[in-house]
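Asker: One-letter residues, chain by chain:
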Amino acid sequence: MKKLVAACALSLMASVTMAADTIKVGVLHSLSGTMAISETTLKDTVLMMIEDQNAKGGLLGKKLEPVVVDPASNWPLFAEKARELLVKEKVDVIFGAWTSVSRKSVLPVIEELNGLMFYPVQYEGEESSKNIFYTGAAPNQQAIPAVDYLADELEVKRWVLAGTDYVYPRTTNKILEAYLKSKGVASEDIMINYTPFGHSDWQGIVSSIKKFGGAGKKTAVVSTINGDANVPFYKELGNQGVSAEDIPVVAFSVGEEELSGFDTKPLVGHLAAWNYFQSAESDANDEFIEKWKAFIKNDDRVTNDPMEATYIGFKAWTKAVEKAGSTEVDKVRPAMYGIKVPNLTGGVAEVLPNHHFTKPVLIGEIQADGQFEVVSSTEEVAGDAWTDHLTESAKIISDWKDPAVNCGNYNTETKKCSGQNF
Amino acid sequence: MIDVMHQENNKKIISFLLSLFFVFSILFFTSAAQSQQPDDVSFNEVASQLAGAKLKQVAAVVDQLTQFDDEQLLPLLKAMLEGKLYYEKKSKRLVFAEILEDKTINVDGVFDENSIENVKKNTLRKVKTNNRLRSSIRRSVAQITLFSGGIAVRKKAIKSMFDDLSKENVTLLNKLKETEKNKKVINLINTAIAIADLKSSDVSLRVQALKKLEGNLEPVVRNEVTKLLEKDSDGNYKEDALVVSTASKVLQSIEENVKFYGYLETLFFGLSLGSVLLLIAAGLAITFGVMGVINMAHGEMIMLGAYTTYVIQLLLPNNLALSILLAIPAAFIVSASVGILIERGVIQFLKGRPLETLLATFGISLILQQCVRSIFSPLNRQVASPEFMSGALEINPIFSITYNRLYILIFALVVFFLLQLILRKTSLGLNVRAVSQNRDMAKCMGIRTEWVDAMTFGLGSGIAGLAGVALSQITNVGPNLGQAYIIDSFMVVVFGGVGNLWGMLVGGFSLGVLNKFLEPQTGAVLANIIILVGIILFIQKRPRGLFPQKGRAAE
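Keeping their order, the protein sequence lines are chains A and B. Just so we're aligned, residue 0 is where the first sequence starts under numbering that gives the first Met the number 0, counting upward by one. Just so we're aligned, residue 0 is where the second sequence starts under numbering that gives the first Met the number 0, counting upward by one.
Derived by calculation from the structure, the hints in this document are not laboratory data. We put the CB at the ideal spot given by N, CA and C, even for glycine. Treat each hint with caution, since some may be false.
[Claimed, not checked] Simulated pairs of lysine-lysine, BS3-like, Cα-Cα distance not exceeding 25 Å:
no., chain 1, residue 1, chain 2, residue 2
1, A, K216, B, K198
2, B, K55, A, K216
3, B, K158, A, K210
4, A, K180, A, K210
5, B, K210, A, K210
6, B, K154, A, K216
7, A, K217, B, K226
8, A, K182, B, K77
9, A, K217, B, K154
10, B, K158, A, K156
11, B, K83, A, K264
12, A, K264, B, K226
13, A, K156, B, K198
14, A, K210, B, K55
15, A, K209, B, K155
16, A, K156, B, K55
17, A, K180, B, K230
18, B, K424, A, K217
19, A, K209, B, K83
20, A, K264, B, K77
21, A, K216, B, K125
22, A, K217, B, K198
[As the list claims (entries may be wrong)] Short derived list, chain B residues pointing at chain A, Cβ under 10 Å:
no., residue
23, D62
24, Q66
25, V219
26, F268
27, P377
28, L378
29, Q381
30, A383
31, T401
32, A483
33, E518
34, P519
35, L536
36, Q539
37, K540
The shape of chain B in the complex, shown without the other chains (with noise of 0.2 Å):
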């Protein structure tokens, strides 16, 4: 009996044994064949054959790299993101490089902590990337750091998943769900699962799935959403009626939204260059349409504000934004000093003869050029934009507008209203009102008209200066930069109402729609000569513009 039972009991064992030992060995080979990681083979032996490997077989180590689950691998893809790891030409050493501002290099050892001095760069050589290998590094890195980045990381993480909604994938984005808080990426979430019930054998599901898609606006969504409603080759749906029916309306509401926000992107594109376009001719309204001078280095102006901003940054490399802010006033004070000497040294000269006034001006607007050509080289100059100026705010996933535009869009009301502001409310204001009205009576009154003159060209100098600032973050600073601009400002004024600010601003926005509202049916090209015909056409209409002043002061 008890032989019986210790027999028994040792089959018993050794079934537990045997089943044990099966199940070890199968976790044995799956997570060997998962990782293929043979316990000869170290994740330093396979990342060192990055160095001088070509890109496909970077490609191949990339993948075997992923296997690993190392420590290093996290900051080894993130310096190869980032084109920072190398390798030392002779001893085939991984290395993390970077070169420092004056050139010199700071290298880390890859594997150990030496760091190394007095490197020269022809010694090291970068390991390859490409867009490819660098989109497939970047969905790796998403993968490892889907549980520890900060809000932006996740979301991006699950974008890059979009594409790949395998099983893990949706298994991994439903753990995240769960301890995940922030409302922006559960809804996310909820869309990726989503897209990956589209492909599930339940029609109930799939139904659901594309109801809970319903109004969104992930481009991804509408490349699902259309791919459902596609027709074999006799023209019948091969999607389920139920699901062609559901998923045609949501198609629908999805494609109307687009169509909203595509209006309205529009829209912003338009008074971002309104904004532009207000900026660059509020000056002009000023020297042109209060004082009756036309100043063909209006444009000059502009480009010195440009050049000014290029100045200071040289002088402040490390602090962008500050850079920028103190560029506001520097450049208004260049501009508009430089605005003063013109008239004092000039145009003073040449009142009442705007024929020579132009010629002058035009010949002033070619030595600026040169002038610029020899101090700062006829090449462009750079201009980087701070931190808070570049990037785009997202409103959804269709509709986003950049921040640069944003703050020009901002800045360029604000200068407007001040300019306003100086113009109603200040005794300056009322001087350059006063003598542009009526010069000689304003002189009988006891008004300087001299000195208002020379205040009045500086003020419109100035707020070219502005511009200039403006312009630097959005294009080149070049020697050419206001020639570029001094047609687009006569227009505004001309088409706004001479001497008219409001004129000014309802013409510089509804140009700048306009002109965005063709541009994606005709092209820029074209876009552009409408415009120009159809102010011409215009001005045979209206000779004074939107808004002509009236009364005396009109004649």
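So that you can see chain A by itself, here it is in the shape it has in the complex (with noise of 0.2 Å):
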């Protein structure tokens, strides 16, 4: 209730002081409720960035003013205040949302508005939208390459597919499934387990992994298990005396900001694939890491993958309406393509007319100090919209430049956009 009406009162006060001639970004994440956890974090990355950007001068000689709303982790509650930033305060960008559900929710406004949104977490694809921007990773960005990673490096010839149910881990699993059965794997040795959000019982599942790991076939679990779940599961592997280098585990929604809340000693060893660590060498990034640290005035916070991909839909942003010249949404996308800016990691992150970027998979262990150490880096990959692993999907495609296309599903057989409105 109190941060409801602190909210509100946020909101009026930044109504109030709307000067003529400033740009308005909106910061759409949930600032209360389960997913306040992560969330919180992108929106003071999206403060920190806006200052920095002020002190540099602003753009297009304005100044940039945050507008911050509190979806509450409700997931229609999204779209409301999706509305309500682009009609009522007529922000000219948006940053926001993390879990899918509530992107798909926020997506039928946006579009209905003609807004213009960037979406900053890792998450299953199957979808490319005229209004929104896929900073983080699409499966071929994260998924695909941890799983080639574990084939190749570590002889991984036995898989199980360990997630929580809901639409992130079912559709990513899809893919993977399809994808290993390509690469020659049998069925029976892909083992699939789905298991509720906060699941805390473990006792089962990891004795039937374990089983499941013991035929003789080196074993590996691909885990897209999410939030809290994590720490009993990872527990109770250590309890029954599955190390790393038994049956290694990728996940690939543990980052830097997750293990800060865990005892990381029975996780060392196990592997993250991301975009971006914290443990990245590049001068571009300490440089984001003090700045962060400063920011936030605690020196024991963590950076991770997401604040990364908001850094560069921000940048993105920025450099596209220099080059317009304009934050007019209809001027700025078509600018968006093809503009490059340096990502955290030593490379550079390109927009593709398809809304998504070129990103560096990396591979991590997990260290007992909650850190990860990079085993494998791969170059750029274009992140693709529509797998090519799944069969109704491989034959779409995506691109928003190219006149012949122009949609964000294009159907090459049919030569048809299929109508869908993402």
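From these two lone chains plus the hints, build me the complex, please.
Answerer: In structure tokens, the structure reads:
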């Protein structure tokens, strides 16, 4: 309640202090509820970027002005708040959302009102909206390379796909299963398991993973287990004597921020796949970390992958605005394509016509101090909106630049857009 | 004559010298080939290459290092395993570094005794390792320590050889067997040798080895025996008929054992889940079952217990075992006093109005959650497990019981029987039962019912706090901890029969076991749903649960 009042007051204040020539940046991240742990950090990242940009003199000679709203981890509220930002506050761009379901909730609103949103989290793909840029990883920029690493480097032959029971793990696992089978893995060498959010009794599942891995072939777990269910999962692995050397677990949802709440001892040696780790060695990264710690006034805070995605999205947007000379969505959007911004791992992120970015894929091993040690990194991979490993999506492409296509779901066989809104 | 003899002698000497030279040269070359240890490269020089090496180079260097028989090898490898081997960025000097609790760094040179003071972390770089490298290092360490380590180390070393039963390893094992006294280790060695024999060219030796492996539960045995039963593309067995028939018999015996222990394991998992259910429901059985208060803040009492454990651990960071033991009474006292406060402050004014009680306690639960959020932050807190609660009791290679679950099972039973004892044998228990059966009559008899109510509610809340201590060991300690368990605890109490402690015991364990037997077939999500639907149907048939209270008290 207090927070709600505070949020109301904040937005009220924002509208009072509204000056005629500022560029308004909407921030649509949950500041309360279950997702607050992860999303608050991203709100702070956007605020830091805005402060930084203003210190450099703003954009097009105007100051940037943040408009922060709190959708409170409530998916339908995301749509309402997005409408509020676009209609009432008339923001020029929105940075926001974390879970796929909140993005799906915002999507129709942002398309109806022709807004512009940057979505900073790794997700399951199968979407490309005209009004959203996906700055996180598509499956081919995280899941597939991680599986390749396990298969090539660790010679894994048997696979456990374990996930929390919702849309991201289900879609990712569907893609991975098809990919593994196309690589010649037999279906009896793939085990798929789903658990509810916040699952805490992992005894039976870990024991069956152990049995599955005892069949004489190198086994690995590909984990899309989300949130704090990971703690009891890794703890149970440790207690049942399954070490990272026997059965490594590669996780797609465990980053530095999540690890800061864990006792990392039982996790050491397990893997995670992201496009950025705090331990990445580059000058841009050192500078970013320093700035972040100074901004948040806490030396123990960590940086993570969605923060880097927010950083890249923000930088790309400012460049596009400068190129277009305007903040109008219809001018900024075409200006986005082909824009290159340096990422924090020493490479370059390019904005693609399918609204995804090029990103390097890093595999890291969890260390006792909650950081990751990079054991493998690739060149930049182009994000693919529609995966090539499911027959129904393989023939669909997304291209918002090519006038012959100009949609997010072009069917290369029927030569038509399939008619969906995304 | 003398000359001739002389010549003969000379010849002998020469041929002797020649052969000696030959033997030496062979010895020299083989040893050189084995250790690749040319005079000009020392252990230190090879090891220094670790500084700044890429992962693949590190693997090659480690390979080279293990050829040396140097006393520095073992500490070096061990440091790599533990991630304590660093090098200085500038000088590329290898050092052992350990980051201590207070963030100071303890640095010792690898090749010299000079320890360095005041090192900053960013001047050091870690020598990179990954899973694959670590497991190969671990294997090398196992071979080095095969004769020196304790029983656990030897067992681990032998097990790590299962995948690589080369001739050298088998001779090594045979050598160990001669001096080994521990029976379990000898059994393990025999298993390893038998597995190696499975690949011998002699049929009778293979059959003999198979017979030795009958009923053996090591997963590797099962895999190796299964391999003997492989068929070629025409559908014929690749193996000799005698071997096939023995192998299938052995495999059958193994499978039977595996199945049996599989059931046993599931049963234990079920009991362990049941014990958690029992613990979280025990407090509610008092407040809801005996007093009739629908206490929605019950989950938060559990949460308070868990946070008490966390706080005590903060106060005693160096003595985990003691902190857990101290947390038990502390959590009881904290939750019980909060419970008494709630009873005195709110619930006593809402007697006989269940709907208001429900809403009021729900409100209290939200307040408590927000308090915890404000004090401890919304992030989960970590509660570490003491040494005696981590790891597993290995009964055989496929059946082991994790200690934390075992202790929680025992703890739950102890709490349950103590509760029974309090209710049956103490005057408080007598008063509680009297008040719950007939409040007015009890009042007439001179029992201070208000005091009894407060004490009862305190007892129930305190037991919830105990459940919190147990839960802190198996799940996350966070503001939402209680919410996750409130439904389960009501489920157990209603299923077992309101007001009946034994019903709760049977209810908790049967729900746990049922859940765990369903889980492998249906998955965790569906298993929960099936059980909930099952309970709804059951309550339709028997509204008062498994063991309904009888007599006038039930009215």
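Asker: Enumerate the violated hints, using their earlier numbering and listing them in ascending order.
Answerer: 8, 12, 14, 18, 19, 21, 23, 24, 35, 36, 37
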